[in-house]
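Sequences listed follow chains A and B, in order. Taking my numbering, I'd label the letters of the first sequence as residues 59 to 391. Taking my numbering, I'd label the letters of the second sequence as residues 3 to 252.
Quick caveat, the hints were computed from the structure, so don't treat them as lab data. Treat the hints loosely; a few may be bogus.
To be verified - Within a straight-line C-alpha distance of at most 25 angstroms, the following computed DMTMM-like cross-link-like pairs (lysine to aspartate or glutamate) qualify:
#, chain 1, residue 1, chain 2, residue 2
1, B, Lys145, A, Asp227
2, A, Lys350, A, Asp227
3, B, Lys145, A, Asp68
4, B, Lys237, B, Glu175
5, B, Lys145, A, Asp380
6, A, Lys387, B, Asp141
7, A, Lys387, B, Glu95
8, B, Lys145, A, Glu388
9, A, Lys387, B, Glu175
As the list claims (entries may be wrong) - Some chain B residues close to chain A (C-beta under 8 angstroms, calculated; not the full set):
#, residue
10, Leu96
11, Leu117
12, Pro119
These numbers were taken from a predicted model, which means no experiment stands behind them. The beta carbon of each residue, even a glycine, is placed where N, CA and C say it ideally should be.
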Amino acid sequence: MNAPDRSAPDPHGFLRGRERWRPVEALPWLIAIGAFFALPDYMILGTQVITMIIFALSLDLILGYAGIVSLGHAAYFGAGAYATGMLSAHLGWGEPISGLLFGGAVAGLVGFVSGWVLLRYHGLTLLMLTLATAIMLQELANVLEVWTGGFDGLLGMEFTPLFGLFENDLWGHAYYWYALAVLAICFLFARRLVHSAFGRTLVGIRENTRRMHAIGSPVHWRLVTVYTASATMAGLAGALFAEINAYVTLDVLSFARSGAVLIVLILGGTGRLYGAFVGATVYVILEDELAKASPEFWEFGVGLVLVLVVLFFRGGLLGGLDSAARRLKEARS
Amino acid sequence: MTPALEVRDLCRSFGALHVARNINLALAPGARQALIGPNGAGKTMLVNLITGALKPDSGAVFVRGEEITDLGQAARVKKGLARTYQINQLFRELTVLENIALSVAERRRRGANLLQPFSRNRETVDEAAQLIETLRLGDDMLKPIRELPYGRQRLVEIAITLGQRPEVLLLDEPAAGVPSTESHIILEALDALPDNIAILIIEHDMEVVFRFAEQVTVLVGGAVLVEGPPAAIAKDEGVRAVYLGEHEHG
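Full structure from sequences and hints, please.
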């Protein structure tokens, strides 16, 4: 093999190399498929993990790439969940795939409108406005009791079998594959997006907004675009949640949920897509195990793990793995 | 001939502090003009006013005869007006290649493309690589900015702006903070710029000013004190009093 010519780095090869699929990227999918056969009794938990991955992935698009910190991302998860839920409960539309798309579209619309206003602001102001948006939506859902069921939650959803064949069974088997398929589509989209010219400009905005203005970038539109895409994806996760449980409460719009998704992403690592996979898996399983061990104090355990990860792994669990691998490589050479 | 850049009666104040008082300025296409003045004279403020980072209280700015006073920053860039910063404004986590390719991609209006991989923009990447070659940054092309010494970063700062192919270029102390052993690289890069670009350079180093500029504008307290060729400016009593004298002793 020829050693690459050090005096002339290859810009095209370098950029293509970044975008290329690596063998290790097959791992999460193999694990997901393997889990179905190895742990058939845990598929309801597995579906929860997948829903959380989609939600965290949507947050990574705005937080990890564009640098928009949000404390109210549940607004879009909840918008999707209620849209799909109400479509079924009030209008009797129970076909799951179109219901899911409807939930995503409504959340995307909410994301576009709120983003258009919110993203004119920066820093702490923006942070507070994201928080306020979710709180306002939650209050709205509380007041519009006739449609949302208010505090008691939205009941009466009925969903038809997937493709007319696969019922949402007690073990969650069919919906596991359904959720996995939705995740695969969302992931492919997100991966394309972050490696596109648009995705690079988002990183530019994250790194230096002022300079992006100075090279003629329509910064506001770029942010509104990614915010809308992110809200749509969060809405798909919420719609999936509604279809799986056939029950939606005000909890889908809660601050706790906005906080949880932020924790998931920071735990896994931001700005790397796969951080959502690792973070969501660890978080949901940890929550499940700790809640079994100590139903009252499980949140203490989650908090402790988060503190330890933030203190000892820069860039989350995946970031920690990265630097460990690098150190190992350096030690060898 | 229509000036490449024209500033008419530009005023701006913050309360009692006048940072721009009736500033008039015109650069012909291909002009090499320097803007000098003591600290706090309002040089960077003038750049901010021209590029739209700051709104004037009154007055107007024209690029090639077209008024741009009401346009936003990004829209002015599209009219051919670009600047560099006194303090580097780079994308620190990205490589040199990406820093410059980002600028070229924005100029070519590729930045809204959501689904095509960035590497497919072959012409954009080629053009960025060309600029990197021109500024002799080839060895650092694939390094992230944060790994570069300051002098090299300064070159990236200029390269990003050149990625806009400006017709009017505002250079805010391009050699500031660069060790004197490396400043010649920046000067050579400036000498190599296409002749048709009109350039306004803010600079403290008189050697650079006298070598580079054909015309010098002296700004004091937000107002133009005097304007003329370098030799005349060097002899001007008023300038010596407020600026050169102070500079020689300092």
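>> Under 8 angstroms is the threshold here; is the Cβ of B:Pro119 close enough to any Cβ of chain A for the hint to stand?
In response: holds (5 angstroms)
> Taken at face value, is the distance from the CA of A:Asp227 to the CA of B:Lys145 at most 25 angstroms?
Replying inline: With Cα atoms ~53 angstroms apart, B:Lys145 and A:Asp227 exceed 25 angstroms; violated.
> Holds or violated: are the alpha carbons of A:Lys387 and B:Glu95 at most 25 angstroms from each other?
Replying inline: holds (22 angstroms)
> Within a Cα-Cα threshold of 25 angstroms, do A:Lys387 and B:Glu175 meet the stated pairing?
Replying inline: violated (42 angstroms)
>> Next pair to validate is B:Lys145 with A:Glu388; report whether the Cα-Cα distance is within 25 angstroms.
In response: holds (18 angstroms)
> Holds or violated: A:Lys350 with A:Asp227, Cα cutoff 25 angstroms?
Replying inline: holds (24 angstroms)
> Do the numbers back the hint for B:Leu96, that is, is its least Cβ distance to chain A under 8 angstroms?
Replying inline: holds (6 angstroms)
>> Against the 25 angstroms threshold, does the CA-CA distance of B:Lys145 and A:Asp68 hold or violate the hint?
In response: holds (12 angstroms)
> Would the stated hint for B:Leu117 survive a check requiring a Cβ distance to chain A of less than 8 angstroms?
Replying inline: holds (5 angstroms)
>> Tell me if the straight-line CA distance from B:Lys145 to A:Asp380 falls inside 25 angstroms.
In response: With a Cα-Cα distance of about 18 angstroms, the restraint between B:Lys145 and A:Asp380 holds, given a limit of 25 angstroms.
> Is it true that the CA of B:Lys237 sits at most 25 angstroms from the CA of B:Glu175?
Replying inline: holds (23 angstroms)
> Given the hinted pair A:Lys387 and B:Asp141, is their alpha-carbon gap at most 25 angstroms?
Replying inline: Holds, at about 23 angstroms.
Of the numbered hints given earlier, the model fails hints 1, 9; all others are met.
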